[in-house]
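Undergrad: Here is what each chain is made of, one letter per residue.
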Amino acid sequence: MLAPSRWRLISVVAALIFGVLFTLPNLLPAGMRDSLPAFLPRQTLNLGLDLQGGSYLKLSVDTRALRAEKITNLIEDVRTTLRAEDIAFTDLGQVGAEVTVRITDPARANEALNLLRNRLGGAIANGGSGLELSAQPDQRIRMGYSEQALNAEASRAVDQSIEIIRRRIDALGTREPAIQRQGLDQIVVQAPGESDPERLKSIIGQTAKLTFQMVDDSVSVAEAVQGRVPPGSVVLPSQDEGPLLLKKRAVVTGEMLTEASQGFDGQSGQPVVNFRFNGQGAARFGEVTASNIGKRFAIVLDGKIISAPVIQSAIMGGSGQISGNFTAESANDLAVLLRAGALPAPLKVEQQNTVGAELGADAVRAGAISLAIGAVAMFVFIVMAYGMFGVFAALALVLNVLLMIGAMSMTQATLTFPGIAGMILTLAVAVDANVLIYERVRDEAHAGRSPLQALEHGYERALVSIFDANITSAISAVIMFMFGAGAVRGFAWTLLIGVITSVFTAVVVTQLLIGWWYRSKKPKTLPIV
Amino acid sequence: MRWPLITNLPREFNFDFVRLAPMAAVLSAILIAISVGSFAFRGMNFGIDFVGGALIEVETAKPLDIAGLRRVMTEAGGEDAQVQSLGQGNGAILRFRVPDDADLNASTQVVKGALQKAFPGIEIRRAETVGGKVSGELARSGAIALTVAMFLMLLYIWFRFQLQFGLGAIVAVLHDVILTLGALSLVQLEVSMTSIAALLTVIGYSMNEKVITFDRLRENLRKYKTTPLRDIINRSENERLSRTLITGSTAIIALSGALFFGGPVLLPLVFTMVFGVIIGTYSSIYVALPIILLWGVRRDDEEAVPLKPANARQG
Chain A
286 MLAPSRWRLI
296 SVVAALIFGV
306 LFTLPNLLPA
316 GMRDSLPAFL
326 PRQTLNLGLD
336 LQGGSYLKLS
346 VDTRALRAEK
356 ITNLIEDVRT
366 TLRAEDIAFT
376 DLGQVGAEVT
386 VRITDPARAN
396 EALNLLRNRL
406 GGAIANGGSG
416 LELSAQPDQR
426 IRMGYSEQAL
436 NAEASRAVDQ
446 SIEIIRRRID
456 ALGTREPAIQ
466 RQGLDQIVVQ
476 APGESDPERL
486 KSIIGQTAKL
496 TFQMVDDSVS
506 VAEAVQGRVP
516 PGSVVLPSQD
526 EGPLLLKKRA
536 VVTGEMLTEA
546 SQGFDGQSGQ
556 PVVNFRFNGQ
566 GAARFGEVTA
576 SNIGKRFAIV
586 LDGKIISAPV
596 IQSAIMGGSG
606 QISGNFTAES
616 ANDLAVLLRA
626 GALPAPLKVE
636 QQNTVGAELG
646 ADAVRAGAIS
656 LAIGAVAMFV
666 FIVMAYGMFG
676 VFAALALVLN
686 VLLMIGAMSM
696 TQATLTFPGI
706 AGMILTLAVA
716 VDANVLIYER
726 VRDEAHAGRS
736 PLQALEHGYE
746 RALVSIFDAN
756 ITSAISAVIM
766 FMFGAGAVRG
776 FAWTLLIGVI
786 TSVFTAVVVT
796 QLLIGWWYRS
806 KKPKTLPIV
Chain B
661 MRWPLITNLP
671 REFNFDFVRL
681 APMAAVLSAI
691 LIAISVGSFA
701 FRGMNFGIDF
711 VGGALIEVET
721 AKPLDIAGLR
731 RVMTEAGGED
741 AQVQSLGQGN
751 GAILRFRVPD
761 DADLNASTQV
771 VKGALQKAFP
781 GIEIRRAETV
791 GGKVSGELAR
801 SGAIALTVAM
811 FLMLLYIWFR
821 FQLQFGLGAI
831 VAVLHDVILT
841 LGALSLVQLE
851 VSMTSIAALL
861 TVIGYSMNEK
871 VITFDRLREN
881 LRKYKTTPLR
891 DIINRSENER
901 LSRTLITGST
911 AIIALSGALF
921 FGGPVLLPLV
931 FTMVFGVIIG
941 TYSSIYVALP
951 IILLWGVRRD
961 DEEAVPLKPA
971 NARQG
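Residue numbers (our numbering), protein chains in the order written: chain A, 286 to 814; chain B, 661 to 975.
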């Protein structure tokens, strides 16, 4: 076992080169790192937010709002569909999670059901909406979305949200944000480094649903507020004045915008958002403004009226501006939001961590200093206990640390505080492996074996224990990585890397070193006996 | 003293480990009773990772006014307001909760504003808010991960040793977890995600101890087929004692740096780990082995072949 072995030497040298190459970027200043030749690795350890500071936001997609909106849209769709075919109906409204409508003329009830089914229904598998319709007694039709359809919608909403959040954050220029899906309806955003978490949150948290709606002046606002809202209209609050009564139907929506940028109003000098519609939007907007001169329309953002100007003349060019008490920054943020598009559903902030980079640095420094002190004390102890063999074990440990840091840098896994705990555990287990080997060697030597035989048998026997112990660790690391979240996962990943590197260094590396030592010294007795 | 120091350790130990087992059982029972009592009466000092709430770390311009900080938080709507001095400079960690129906993020903003108004020049270095729903999820996924991991470790040990070894290991590890949590409860160290990481190292270290213990026992069971189990356990533990002492001291020496110089952030983590090293070593000898001793082992067990067939020669 101690005989010279080429593959063992090659593997140790390869590991050493790997460890040094991948650990090195962490020790170099940033400027030098950038000037490294391209073939050398230059990734540094990916420190978690708890170590380097930054913002962590966990958001959940408001699926309830998503469902509510689907029902609202469904009611509108039913209304327009039936009206277009001149089918009279009453009692259109929401009952629980479903929508019911009563067809006035019993003779047309069946026709209405088929009409609605063809226009609005269809199995999801065939690209339909998943709407289920059924005829009820008293000429009623009941409609509801299947659970499957709603879940598919929620899942799609999460994917869309991630994409939109990414576009928004990129526009802010934040450094390498990590945006991940978690579970069914959650999104985790991690933005390292110094960033204003409140601004980040306001950028992410806004739905940014922009609509242009006509003001409904058929009833006065005061009457509407008292409950006499005409069907198809709605009262919305406004930013600068009292609430206004608006037509529910949006003339133009934010999706029809092609451009949005922050600018200043030519006359007042106030910050505004300039925008441009696409062809369809421009045509519709031109049409509606031409036929409504003298009336007011409202620009609505997330259910709140930003401004409600009077239409002076037809607006044909397809461009315009939104004014309304902006600062340059808030106008710019709104432009960013409009460019990135609206979120399909509101996002709720579930968890928010802001770690000042300074605290992160403090924690890193304290951790590094104390780990270094601990490591030095451990080296001293192990060398005092085992002499030359202790030096071999210490060298193996140094290589182990290099390999772990190198592997963490290479895989760009995030190193968090719990991850450091995982590293400490693997170092302790690595030391244990060497202690097990050396104690076995001592046993064998005391039983009367020659130094060479004692070394050979010691390694062989200790290996059984070392493998059993490390396989048990590896099993738990894999499981914790698969099922755990957050701290548990970070811990598991370093543990898994550590199990592999520590078995390699504690067994293979010390074997190589002791082999060299044995062949050059040809000792009569072992120093640890 | 001879060099290296290991050569000063006596070769043969003849300590009757098993004789102390009944006393250890009583000790363990008392410690578990204390732990459970502490859970019941003192409870755990759960951080916001678990109960939800807000945490703000501040540094004030003037010397800390703990009562003042608490009053400002309470007046701004924070419930259960706590102030913990960091012990260095004028730093402090503030914690509070909000009523279930209130918006935590909005409330945190209100409290921050109130602090900045009441203490000009206050520096807010860190702010965390955790909603109750998220906390529940973290705890649940962590519990599932641990349960599955323990079960698979049990299966592996069963496969490599015998069923009673696996059960002994699991019971001993649970014993360690209960005592570690009991210690955290007694000294009221805050339980955060970091303590969970520490607890995982305790479990990892303890499991490693168990396997190493069993491995020597299995080897001796094969070597001495007629010796009573009790004597084999004593023999195995004595043979292994020098390794137990050295590994344990090395682990504690390695952690001592962080224990003394790690600062308040590292302290809970390191405290838990040191405690775990001690308790993990103890429970291998006095929880896992006694269970095996009481249960008994199959002595004709030759099926469980080790990875490298151990050539059973008298050592």
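Don't take each hint at face value.
Within a straight-line C-alpha distance of at most 25 Å, the following computed BS3-like cross-link-like pairs (lysine-lysine) qualify [said to hold, decoys possible]: (1) K772/B x K486/A; (2) K772/B x K633/A; (3) K533/A x K486/A; (4) K777/B x K486/A; (5) K532/A x K355/A.
Simulated from the structure, these hints should not be mistaken for laboratory data.
Undergrad: Give a verdict on every hint.
TA: Hint check:
Distance hint between K772/B and K486/A is fulfilled; the C-alpha atoms sit about 16 Å from each other, no more than 25 Å. The suggested pairing of K772/B with K633/A holds, with an alpha-carbon distance near 21 Å, which does not exceed 25 Å. Taken as a hint, the K533/A and K486/A pair is broken in the structure, with Cα atoms around 29 Å apart against an allowance of 25 Å. Restraint check for K777/B and K486/A: the C-alpha separation of about 23 Å stays at or below 25 Å, so the hint holds.
For the suggested pair K532/A and K355/A, the alpha carbons sit about 18 Å apart, so the restraint of at most 25 Å is met.
In summary, the one numbered hint that this structure violates is 3.
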